[in-house]
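Chemist: Below, each chain spelled out in residue letters.
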Amino acid sequence: MTDARPFPAAARESLADSQLRHNLAVATTTIRARRAAVVGEVADWEGLRRRGAAVKAYSLEHLDELLEQLEASVTATGGVVHWAADAAAARRIVTGLVAATGAEEVLKVKSLTTDEIDLNAGLAAAGVAALETDLAELVVQLAGDRPSHIVVPAIHKNRAEIRDLFARTIGPADLTDSPAELAAAARAFLRRRFLAGGVTISGANFAAAESGAICVVESEGNGRMCLTLASTLITVMGIEKVVPRLTDLAALLALLPRSATGERLNPYTSLWTGVHPGDGPQSFHLVLLDNGRSRVLADRVGRDALRCIRCAACLNVCPVYERAGGGAYGTTYPGPIGAILEPQRDSLERRGSLPFASSLCGACAEVCPVGIDIPRLLVHLRGAEVDRKRGRPLEGRTERTAMAILARAFSGRRRYEAAQRLGRGGDRLARARGAALRDALMGPWTRSRELPVAPDQTFREWWRERAGEDDRGRS
Amino acid sequence: MAVALFVTCLVDTLFPACGQATVRLLERLGVEVDFPAKQTCCGQMHLNSGYAPEAAGLAARLAAAFADAEAVVTPSASCAAMVRESYPRLAERIPDRGAAAAMAALPARTYELTEFLVDVLGVEDVGAYYPHRVTYHPSCHGLRGLRVGDRPLRLLRRVRGLELVELGDAEQCCGFGGTFAVKNADTSAAMLTDKATAVLATGAQVCTALDSSCLMHIGGGLRRARSGVDVVHLAEILAATDAHPVPSR
Ligand code: SF4
Numbered sequence: 001m002t003d004a005r006p007f008p009a010a011a012r013e014s015l016a017d018s019q020l021r022h023n024l025a026v027a028t029t030t031i032r033a034r035r036a037a038v039v040g041e042v043a044d045w046e047g048l049r050r051r052g053a054a055v056k057a058y059s060l061e062h063l064d065e066l067l068e069q070l071e072a073s074v075t076a077t078g079g080v081v082h083w084a085a086d087a088a089a090a091r092r093i094v095t096g097l098v099a100a101t102g103a104e105e106v107l108k109v110k111s112l113t114t115d116e117i118d119l120n121a122g123l124a125a126a127g128v129a130a131l132e133t134d135l136a137e138l139v140v141q142l143a144g145d146r147p148s149h150i151v152v153p154a155i156h157k158n159r160a161e162i163r164d165l166f167a168r169t170i171g172p173a174d175l176t177d178s179p180a181e182l183a184a185a186a187r188a189f190l191r192r193r194f195l196a197g198g199v200t201i202s203g204a205n206f207a208a209a210e211s212g213a214i215c216v217v218e219s220e221g222n223g224r225m226c227l228t229l230a231s232t233l234i235t236v237m238g239i240e241k242v243v244p245r246l247t248d249l250a251a252l253l254a255l256l257p258r259s260a261t262g263e264r265l266n267p268y269t270s271l272w273t274g275v276h277p278g279d280g281p282q283s284f285h286l287v288l289l290d291n292g293r294s295r296v297l298a299d300r301v302g303r304d305a306l307r308c309i310r311c312a313a314c315l316n317v318c319p320v321y322e323r324a325g326g327g328a329y330g331t332t333y334p335g336p337i338g339a340i341l342e343p344q345r346d347s348l349e350r351r352g353s354l355p356f357a358s359s360l361c362g363a364c365a366e367v368c369p370v371g372i373d374i375p376r377l378l379v380h381l382r383g384a385e386v387d388r389k390r391g392r393p394l395e396g397r398t399e400r401t402a403m404a405i406l407a408r409a410f411s412g413r414r415r416y417e418a419a420q421r422l423g424r425g426g427d428r429l430a431r432a433r434g435a436a437l438r439d440a441l442m443g444p445w446t447r448s449r450e451l452p453v454a455p456d457q458t459f460r461e462w463w464r465e466r467a468g469e470d471d472r473g474r475s
Numbered sequence: 001m002a003v004a005l006f007v008t009c010l011v012d013t014l015f016p017a018c019g020q021a022t023v024r025l026l027e028r029l030g031v032e033v034d035f036p037a038k039q040t041c042c043g044q045m046h047l048n049s050g051y052a053p054e055a056a057g058l059a060a061r062l063a064a065a066f067a068d069a070e071a072v073v074t075p076s077a078s079c080a081a082m083v084r085e086s087y088p089r090l091a092e093r094i095p096d097r098g099a100a101a102a103m104a105a106l107p108a109r110t111y112e113l114t115e116f117l118v119d120v121l122g123v124e125d126v127g128a129y130y131p132h133r134v135t136y137h138p139s140c141h142g143l144r145g146l147r148v149g150d151r152p153l154r155l156l157r158r159v160r161g162l163e164l165v166e167l168g169d170a171e172q173c174c175g176f177g178g179t180f181a182v183k184n185a186d187t188s189a190a191m192l193t194d195k196a197t198a199v200l201a202t203g204a205q206v207c208t209a210l211d212s213s214c215l216m217h218i219g220g221g222l223r224r225a226r227s228g229v230d231v232v233h234l235a236e237i238l239a240a241t242d243a244h245p246v247p248s249r
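Which chain is which? The protein sequence lines are C and B, in order.
Heads up: the first sequence begins at 1 in this note's numbering, then just goes up one per residue.
Heads up: the second sequence begins at 1 in this note's numbering, then just goes up one per residue.
Simulated from the structure, these hints should not be mistaken for lab results.
Cβ-Cβ distance ranges computed for the label pairs, FRET-style:
(1) B:A2 with C:E450: 36 to 42 Å
(2) C:R392 with B:D150: 47 to 53 Å
(3) C:G171 with B:S227: 49 to 55 Å
(4) C:A57 with B:G30: 45 to 51 Å
(5) C:E450 with B:A201: 16 to 22 Å
(6) B:T193 with C:G171: 37 to 43 Å
(7) B:R28 with C:A25: 40 to 46 Å
(8) C:E181 with B:E124: 53 to 59 Å
(9) B:G168 with C:G443: 28 to 34 Å
(10) B:G30 with C:T247: 57 to 63 Å
(11) C:A4 with B:A2: 51 to 57 Å
(12) C:N158 with B:A201: 22 to 28 Å
Glycine included, C-beta positions come from ideal geometry on N, C-alpha and C.
Turn these sequences into a full structure, and let the hints guide you.
Modeler: Written as structure tokens, this is what we have:
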């Protein structure tokens with residue numbers, strides 16, 4: 001969230017880290033295969049995708065009504081709803097709520113939304129320590145790192161690196177890198193904190209407007225512990241997470257685990273509705289976060305990004321993500337979803353390089369469980385970024401000039417054929433100017449690739465010669 | 001049967017052998033080929049680089065050049081995908097109703113070469129002879145854009161003398177992506193390295209595909225690595241016979 005370097009510069013650095021590239025390639029290849037296997041089992045996966053997409057599309061169309069309905073349902077069942085326009089407002093609300101309980105430590109359930117608003121830093125500034133309880137989030141927190149993946153935040157680290165980290169921080173020092181031992185070390189560290197039953201802060205995967213039910217899915221059960229043992233529960237949720245009814249979750253809860261981790265069911269699906277005397281948290285707060293989402297919603301094409309259910313399937317198949325890593329995006333949401341969401345939710349000024357961080361290979365759209373046409377959105381946002389710079393003579397001028405020259409060269413047969421001749425080296429002067437432009441544009445190409453050799457004859461010259469007629473000039 | 005050849009600006013300018021092979025192949029199969037000389041570029045590069053207004057203008061031009069064609073055949077999966085996926089949408093940007101209608105009508109008549117051979121002509125054995133070990137890279141626009149499926153492989157399997165070897169991680173992008181290769185050159189090069197490694201692992205002498213653009217990229221990497229592996233467009237392989245091996249080879 002803090003890194004606003006353009007993608008190419010950040011990627012250049014991470015690409016040089018061969019351990020990172022190796023870790024990512026191994027991890028994404030494994031998840032890809034797992035996903036493909038369990039998706040293949042579903043008789044009508046495409047039908048399921050269409051249902052999931054329809055639920056989310058409907059919810060976005062009716063977001064205002066659904067949010068009001070959700071507020072009413074949550075209030076009626078004993079919860080308190082807060083509205084946060086931006087990250088600062090959300091931090092203020094949450095810190096205020098924590099301060100009112102007097103707690104000095106809070107437990108966190110894995111949540112991207114709280115990363116997005118930099119909540120841990122906000123809490124720390126207020127003297128409250130936030131402890132991540134998701135194993136991978138804990139790894140990232142102990143390492144002073146940032147999550148690099150939506151579902152697997154520590155995907156960039158291998159077991160040996162995690163072993164060293166745990167041995168250094170939460171002990172014991174003679175830890176091996178067996179997954180069971182690593183999990184046991186984390187459990188020993190976390191368990192007594194769960195049992196203390198203080199304040200828990202979570203995100204939400206879904207919320208049902210009709211009943212006010214909130215849903216969190218996870219794999220470890222640590223979230224379930226926090227959600228049930230807490231006395232106060234504060235949930236920070238992006239406004240796009242609401243759907244009309246609990247039954248709408250059927251398709252989404254079938255799509256999400258298969259897409260995310262290659263599991264048929266989420267090991268833990270927690271659902272709760274308001275406050276129940278003597279059972280679970282006795283105080284429940286729901287913070288509804290906008291933070292740029294209504295701006296995304298206003299764009300008829302771009303709004304599809306809000307359908308996202310954060311499964312990360314698009315990250316796992318993305319060749320750019322796999323090589324550059326999540327850190328290169330500099331955002332809470334990396335990969336293809338980050339590249340279409342963050343330039344809108346945050347701003348093109350800060351995130352304008354992200355829509356270009358794709359070869360438009362289309363692998364993401366093929367797996368997205370809610371049918372987001374990610375390449376189309378990428379192209380749409382590229383257009384928005386180019387248009388933004390059109391008004392600024394000094395930004396992106398070389399490219400704009402090249403594109404204008406090409407558009408003009410393609411705009412008529414005579415001009416096109418003249419440009420072809422020129423490219424082969426007819427007119428000296430024009431060639432010299434062309435060469436300077438070409439070097440500016442093609443230098444990055446020739447660092448690792450040869451340029452093709454221009455042929456002696458274009459196709460159309462051959463065609464004319466073959467037809468035995470020279471109709472050059474007719475147009 | 002008569003078709004109009006949409007050769008693409010890239011093939012026209014840099015890879016004429018691919019266009020020539022397409023003509024020879026179609027004529028050998030009894031198809032009458034026309035080349036409307038007004039055609040230039042389909043606008044893909046402009047659209048994908050964020051220059052939609054410019055792309056719409058070029059698209060309108062291309063649609064006009066092919067307005068009279070019964071069927072349009074192109075040896076490029078990505079340009080065919082551009083026409084099919086984006087022309088109806090780009091047409092909304094064109095105020096001239098007739099021009100917009102021509103753009104919207106083009107996709108239904110446009111075929112990528114292997115689609116035309118297998119679906120329209122109904123041939124798989126095109127009578128080609130090509131005695132080389134070949135691997136096929138299913139370019140992204142053929143695989144996920146047009147969903148050409150195994151049509152290219154079915155055609156390749158019927159080429160006499162050709163030994164087809166399977167490419168590992170074939171569905172992975174080669175890293176070209178138009179201006180992506182320049183704007184994000186380091187990431188693109190990392191993708192290319194993996195693709196080139198997969199090609200070399202097959203032991204093939206030739207890597208083929210449906211797009212000269214991807215082949216330009218893969219070939220650029222293979223040549224830089226002095227690998228000795230050639231890149232050859234599928235049309236050139238299908239056009240090759242005993243009597244007329246492809247001139248460039
Ligand atoms: S965009 Fe689609 S594939 Fe990517 S994380 Fe969101 S739901 Fe999953």
